[in-house]
Amino acid sequence: MTSIVTDRMQTPERATQRKSLRARLQEWLPKIVLAPSFAITLFFVYGFILWTIYLSFTKSKAFPSYTLTDARAYQRLWRWTFESNPPSSWYTSITNMVIFGVLYIVFCLAIGLFLAILLDQKIRGEGVLRPIYLYPMALSFIVTGVAWKWFLDPGLGLEQTMHQWGWTSFHFDWIKNKDYVIYTVVIAGVWQASGFIMAMFLAGLRGIDSEIIKASQIDGASPIQLYRRIIIPLLRPVFLSALIVLAHMAIKSYDLVVALTSGGPGGSAWLPSNFMYEYTFKRNEMAVGSASAVIMLATMSAIIVPYLYSELREKNR
Amino acid sequence: MRKILMASAILAATALSAHAEDVKEVQMLHWWTSGGEAAALNVLKQDLAKEGYTWKDVPVAGGGGDAAMTALKAMVAAGNPPTASQMLGYTVLDYAEAGKMGDLTETAVAEGWDKAVPAALQKFSVYNGKWVAAPVNVHSVNWLWINKAVMDKIGGTEPKNFDEFVALLDKAKAAGVTPLALGGQNWQEATMFDSIVLSTGGPEFYKKAFNDLDEDALKSDTMKKSFDNLAKLKDYVDPNFSGRDWNLATAMVIKGDALVQVMGDWAKGEFKAANKEPGVDFLCYRFPGTDGSVIYNSDMFGMFDVPENQKAAQIALAKATLSKSFQSAFNVVKGSVPARTDVPDTAFDACGKKGIADLKAANDGGTLFGSLAQGYGAPPAVANAYKDVVSKFVHGQITTSDEAVNQLVQAINDAK
Amino acid sequence: MSAATVGARPAGSRVLNRIVIYGLLLVFALVYLIPFFVMLVTSLKTMPEIQNGNMLALPKDPTIQPWIKAWGEACVGLTCEGIHGYFWNSIKMVVPAVAISTLLGALNGYVLTKWRFKGHKLVFGLMLFACFIPFQSVLLPMATVLGQFGQLGKVFTNAFGMNLGFGNSTVNLVFVHVVYGLGFTTLFFRNYYEAFPTELVKAAMVDGAGFFQIFRRVLLPNSLPIIVVTVIYQFTNIWNDFLFASSYAGSGDVMPMTVALNNVVNTSTGVVEYNVNMAAAMIAALPTLLVYILAGRYFVRGLMAGAVKG
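Residue numbers (my numbering), protein chains in the order written: chain A, 1 to 317; chain B, 1 to 416; chain C, 1 to 310.
The hints are simulated quantities; they were obtained by calculation from the structure and are not laboratory data.
No experiment lies behind these values; they were computed from the predicted model shown.
All the pointers check out, no bait thrown in.
Below, simulated DMTMM-like cross-link-like pairs (lysine to aspartate or glutamate); rule was C-alpha separation at most 25 Å, straight line:
#1 K202(C) / E27(A)
#2 K56(B) / E73(C)
#3 K115(B) / D345(B)
#4 K61(A) / D66(B)
#5 K255(B) / D173(A)
#6 K160(B) / E204(B)
For each label pair, taking beta carbons as the anchor points, the in silico distance ranges come out as:
#7 E106(B) / L290(C): 50 to 60 Å
#8 T161(A) / V280(B): 35 to 45 Å
#9 P197(C) / A71(A): 47 to 57 Å
#10 G52(B) / P221(C): 55 to 65 Å
#11 R79(A) / V280(B): 51 to 61 Å
#12 D70(A) / D212(B): 22 to 32 Å
A virtual CB, placed ideally from N, CA and C, is assigned to each residue, including glycine.
Just chain A, with the same shape it has in the complex (with noise of 0.2 Å):
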């Protein structure tokens, strides 16, 4: 994949010996050119990392102090992350954030692919259909969140319509329940992402050469094999990059819980993200936030950077 075009830029001192100042600087506008993007992503990116690193091993309560002291923010979110027994906070954020995570993403695709394969049968109405799917990705849950608050409320929504219409035995009370209103956050957020997640599908099944589906058809597989065997290996980009907004978009679920939940009974619907920011603003104990932050962030990184690592070298062969 290197070209010939990055060789040259790779190899510069054969070739400026008898340039002119213009040709030198056209060989160096690239790098002049995402100078300025990249020293921006070092400094407010990784010096913010560096600067929370630091706060984290310092005593700051409502303000930044400088002063170093020992590593007690961690000691107690490591004390904190074993005491199961009543939940500590960060225990319940940190579970949360793995029954969240794994639900979330699981089911976005799930949901994604499902609808993505049925809209590429040669829909009419797609162009209605498609914008019903995407657009809760459009909503900020500020707007959102009263919705679907009502909705889940038994006294308000489901559980109440069920019941005047007759189903006096529904029950459905998961966003008052400590145990379960994990899995309501789960819900609103995969109604949010979904239909984005199933654009990208139906953009990857779209892209898919219709030679080797022919082919296979030929060697007599069945729509449920076609697809198992074929379409679904081929997409796996699409589910790669899928991954990646939806990590994100999990790490950085913070205006779900409180718009959905304010917490939830007990805080029992926390994820780290409201841990940190909890911790930070509202109770002042800014190296605890800090501490946290860069919990979540190592632990991004392990996730993170393995799969950024192979997919960066692959792109080398």
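For chain A, the structure is supplied; the task is to place chains B and C on it using the hints.
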């Protein structure tokens, strides 16, 4: 890069003081965005307009001030504090400790605030001998709000102690009304628990446990009994209480779906908004067994360390805030009582008059205590740790009062 | 080309198949529409009907009063002029932020695929990972930096009589959104240009075209699909942002739509006017909804053209 920025900052500072024209504008950060509160604040805006100051509104609603406090932190970190901001209790002291607050002492002395404002409030509005905030009101937390029609129907009378309260709730239950309207959010549960502790342990105990954070008091049997009493009250709550907003709980009482709500006096604003009259449509009693004591919280306008040319505007704002006319006008609407004890109670309704008298008595008798749930008992870290434990107890993550007490002690020690 | 282009099956089972497929699609569509439906019917009801009625029932006596109120009378803090005025604030912020971040993303993607240098993968990896930083943790350091910009602005005001945009809240927000949007825009364009034939670039170079000429004449004209994707993505995210907007631009004259909406919806006391809230919410969401509905077709096309390729 940093050096350049620093140099530019110095340059800017000198340049600014070079031609300092007085700014005729107050910038005000607050989260009073709902109709009644905004109307009340408008009174202040108009008072200032009369003196030629314009009002630059910075409203950030949500989470009972959480979003506003985040915005405030960002503004202060950027070195652009507003002229003033609505703030609560220990937050004022945090900012003062960080050297971000201004100094209103001169004005305070001239206006006689030291004498008019209760000492309990001055604990938060004065830092190291300097006035840093203007208190707007005093809310009191240990109230019962009762629907009179329901009360008459079940033949109830004012409960004088906790057992009578439970008996009253039983009557309502027997009559098929939801006895206790509660919003299952941690601050509401903890606000109710404040009153339960005061009722169960008495004023001395409350102060020791929730203002002094005395460990022996926190793990005492009295505290266990308080948790047991909380568990008792939980039996009278409807199954859908979890996560309910406080004003929806108040609406249950207003509509007669529920008998009583334990809530601060801001609940009165809801009754007023629904055109209900005290004594006719609803009743306000002190939480049983807490008569004579007041658990308070207070809204304050924190005054920041602003550039020289904005000081005049800031002083005008502070003066207007603590003027008797504004204190009366504002608090009549808000449901709270004035932050100074020398404001006539003529404009207030029966509950307001009782509130004013109670505050005065409690202030004189030394039974005026900061609400831990509302951030006036201890710094935010402790207050929130406390709310966690109470809420986990209510929602079943913590199952026994023994465990609750242990958790409370540990959580508070962690947060100290 | 549809993956299902070829399906030769007996006619009877085909009809059944179609029924099942359409049925499933419709069921899903209904489920997806429920929150929107709730919002819409609520916004057309009167308060008593909301308090006593069924959430899913159609309004008995539809009224557009809530919409009128949300548009022109609802209180955002102390000013009661509705939320229409905040559209302009949001647009002033969103349009430049989207334009700048998209352009930079395109240039970055161009450099990272067609003008590669040693370490280009590391650079890209670092920029991509930046997407994952939780915004709450950059709030305060960013505020400090913006404060420095403000100081710089004052210096410029003294020196040149204008602040050159430093310290202006809208400019600050644009800057913040560009900074934290770069990762995604770069990702989109890089993946798209990765598949773009390098031969065309080489040919242009042989013809003596320079860096920017190639970008403008060869790549940009072929980038429409991915531009659509990037613009939609950025537009939605920036329009809907609340955290940065409330922290860096709280006051009325620059307050973006989301903050205004939040102030209408999140009242702490008083009777909550759900119908007005819902109407306000829908008005505030109108631009993003329109973008999705109008550009939805191009969105899938754009994704197809490259964004989804790893």
